[in-house]
Amino acid sequence: MSAENSPALLSVRHLVKNFELRASKGIRNTKRIVQAVADVSFDVEVGQTLGIVGESGSGKTTVGRSVLQLITPTSGEVIFDGKDLTKLSFEEMRDVRRQMQIVFQDPFASLDPKMTVGASIVEPLIVQGVAGDHDAKVKELLDLVGLAPDHARRFPHEFSGGQRQRIGIARALALDPKLIVLDEPVSALDVSIQAGVVNLFADLQKRLGMSYIFIAHDLSVVRHIADQVAVMYLGKIVEIGEKTAVYTHPTHPYTKALLSAVPLPDPKVERSRHRIMLEGDVPSPVNPPTGCRFRTRCWKATELCAAEEPQLVVRSSGQQSACHFPE
Amino acid sequence: MTESVLSIRNLAVTFNTQMGELRAVRGVDVDVRAGEILGVVGESGSGKSVSFLAAMGLLPNSAIVTGSVVLDGVELIGAKPKVVRSMRGRLMSMVFQDPLSALNPVQRVGDQIVEMIQSHQSLDDRAAAKRAVELLEIVGIPQPDERARQYPHEFSGGMRQRVVIAMAIANNPKVLIADEPTTALDVTVQAQILEVIQRVQQTFGTAVVLITHDLGVIARVADSVNVMYAGRNVESGSVQSLFDHPSHPYTRGLLSSLPHEGTERLQPIAGFPPNMLAPPPGCGFAPRCPHALEVCSSELPALRQFGDLQTACVLAEQLRIGGNV
Numbered sequence: 001m002s003a004e005n006s007p008a009l010l011s012v013r014h015l016v017k018n019f020e021l022r023a024s025k026g027i028r029n030t031k032r033i034v035q036a037v038a039d040v041s042f043d044v045e046v047g048q049t050l051g052i053v054g055e056s057g058s059g060k061t062t063v064g065r066s067v068l069q070l071i072t073p074t075s076g077e078v079i080f081d082g083k084d085l086t087k088l089s090f091e092e093m094r095d096v097r098r099q100m101q102i103v104f105q106d107p108f109a110s111l112d113p114k115m116t117v118g119a120s121i122v123e124p125l126i127v128q129g130v131a132g133d134h135d136a137k138v139k140e141l142l143d144l145v146g147l148a149p150d151h152a153r154r155f156p157h158e159f160s161g162g163q164r165q166r167i168g169i170a171r172a173l174a175l176d177p178k179l180i181v182l183d184e185p186v187s188a189l190d191v192s193i194q195a196g197v198v199n200l201f202a203d204l205q206k207r208l209g210m211s212y213i214f215i216a217h218d219l220s221v222v223r224h225i226a227d228q229v230a231v232m233y234l235g236k237i238v239e240i241g242e243k244t245a246v247y248t249h250p251t252h253p254y255t256k257a258l259l260s261a262v263p264l265p266d267p268k269v270e271r272s273r274h275r276i277m278l279e280g281d282v283p284s285p286v287n288p289p290t291g292c293r294f295r296t297r298c299w300k301a302t303e304l305c306a307a308e309e310p311q312l313v314v315r316s317s318g319q320q321s322a323c324h325f326p327e
Numbered sequence: 001m002t003e004s005v006l007s008i009r010n011l012a013v014t015f016n017t018q019m020g021e022l023r024a025v026r027g028v029d030v031d032v033r034a035g036e037i038l039g040v041v042g043e044s045g046s047g048k049s050v051s052f053l054a055a056m057g058l059l060p061n062s063a064i065v066t067g068s069v070v071l072d073g074v075e076l077i078g079a080k081p082k083v084v085r086s087m088r089g090r091l092m093s094m095v096f097q098d099p100l101s102a103l104n105p106v107q108r109v110g111d112q113i114v115e116m117i118q119s120h121q122s123l124d125d126r127a128a129a130k131r132a133v134e135l136l137e138i139v140g141i142p143q144p145d146e147r148a149r150q151y152p153h154e155f156s157g158g159m160r161q162r163v164v165i166a167m168a169i170a171n172n173p174k175v176l177i178a179d180e181p182t183t184a185l186d187v188t189v190q191a192q193i194l195e196v197i198q199r200v201q202q203t204f205g206t207a208v209v210l211i212t213h214d215l216g217v218i219a220r221v222a223d224s225v226n227v228m229y230a231g232r233n234v235e236s237g238s239v240q241s242l243f244d245h246p247s248h249p250y251t252r253g254l255l256s257s258l259p260h261e262g263t264e265r266l267q268p269i270a271g272f273p274p275n276m277l278a279p280p281p282g283c284g285f286a287p288r289c290p291h292a293l294e295v296c297s298s299e300l301p302a303l304r305q306f307g308d309l310q311t312a313c314v315l316a317e318q319l320r321i322g323g324n325v
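So the sequence lines, in the order shown, correspond to chains L and W.
The opening position of the first sequence corresponds to residue 1 in the working numbering, with each subsequent residue numbered one higher.
The opening position of the second sequence corresponds to residue 1 in the working numbering, with each subsequent residue numbered one higher.
Source of the hints: derived by calculation from the structure; they are not laboratory data.
Some hints could be false.
What the hints assert, rightly or not - To spell it out: a stretch of chain L is covered by chain W in this simulated footprint if at least three of its residues, at any positions, have a beta carbon under 8 angstroms from a beta carbon of chain W; those stretches are:
| hint | region |
| --- | --- |
| 1 | 187 to 196 |
| 2 | 220 to 226 |
| 3 | 267 to 276 |
Quick reminder that beta carbons are idealized off the backbone N, C-alpha and C, glycines included.
Please put together the full structure from these sequences, using the hints given.
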């Protein structure tokens, strides 16, 4: 994963996040724990994109928010630019925050309807006490994301979904961050609009050199934009590595099944390819299977998989995967 | 050509809103042939859902619906509510995106299916309950006996969608309309549900209208396809032809905006869909079209036949020869 000589911008080690559930059974209150993220480690290099893919309940969003300390991890280290963020005070964290930003999925919910676009974009600068010509900065940012300077005076309802997402991106860029977490940033957009926003992410990275964590359930978009890919299942990374290796030689059965489930826009390919049909749904993270968490849906599972949890191991195509019987 | 079980002609739907007349559907023709899967694809606001809600008679009274919808020889537009009710659920039924809101949370799943059966067939309780269990088995729910006695919250999202499909096919309809049936589901579960829909179509010869925004889903299961834009169909025909010779600039734009293996840069369609409160006078796609001519902004192009594709574009011949995007 990480090159030996240059330290990664972000190193996440053994990240765990538990959520407590309160469920009343009869008159007794019982506490149950959901392990949303269960011991996850990865690196993000300077100017690179790590894609995190997985189905609902895989913990991909929780990973993104734990990295930003928007939720406090239960244990583990999040080392950003040499500092372990889990050990910083609130004040110290505020300084780091300007270097890490997030863009959310829903461009309708993430902008204040009563603030002009300009005011929304400028807000992070005010919060962080950045001096300077804010109007000029807003114009520059709007230009950067492909909007016109006079859009600053308008309100969010005057914009389409794709334009709103661009406003959210402009706001995330306001503080010149080194890392942006993109949490399903194009899922709410129509495909013809989605392509423009994906291109914008690529252009901005080329110009400004920041790193992305791109969280998505759409595997083809991640394939397009990411350098490294992590595949998550029930709170664990089951496969991680260089994009081409993961997509062309998947070694974990789940990665293989996931890739074969994605419908491709080509009828000839769709009708001829062999599809791995997984049985059932993702089990509840409250009570995950013992051993390998994927074993209840895996066609290769044996007693070993129930008894012993597989560890991430480097495979011949370069990526790591956690499986007793890799492809 | 096999005869169509559902035939829609010049369908138009207008909503009166505070801001004026919103023309959601503006003259749509659709033929659904017996036993085929027809994919209807389009972006949000293209009118794909509204067209079929109108066909099902499920729009609020405030919607103004004109044109003709003929199901199994009976005209539904302007028909008495009683007639429409007797056909809906029996000859034509619908599956929605969100299975949880389609189910009654406080009624056992089996009882909900029984209710559906008994509203159109004279079966006694015991026979209907037996049939409900059979239906759950058909859609691939394990231990259907037990599951029939459970409530919707005891099912996962994918299993709930199977229940909804079981209910929709309870009276062996001729047409099943599935409106984004897999959009709320994970991709591995989507694959399962698409397989169930295909199995229903193959086993019972049910015609399926599959409304989706995902061209991949169309490529996987549909026989023919109808591309909608700004309340009209802009291109329709066999799936293979559509992917081989997309001749409408919108279809071509849609296909090339998808990420393909090895593409360096995606090609989005410029601009955004028109405001349907004031749709453009000519071709709805003209303001975003890279090939638009002067005539496009004044005249509405009609669908013309090329091979087994119908395309509504004045430049269809040239674009068709242009080959793949």
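Now for the hints, and whether the structure bears them out:
1. 187 to 196: holds (count 7)
2. 220 to 226: holds (count 4)
3. 267 to 276: holds (count 6)
Checked against the numbered hints given earlier, the structure satisfies every one of them.
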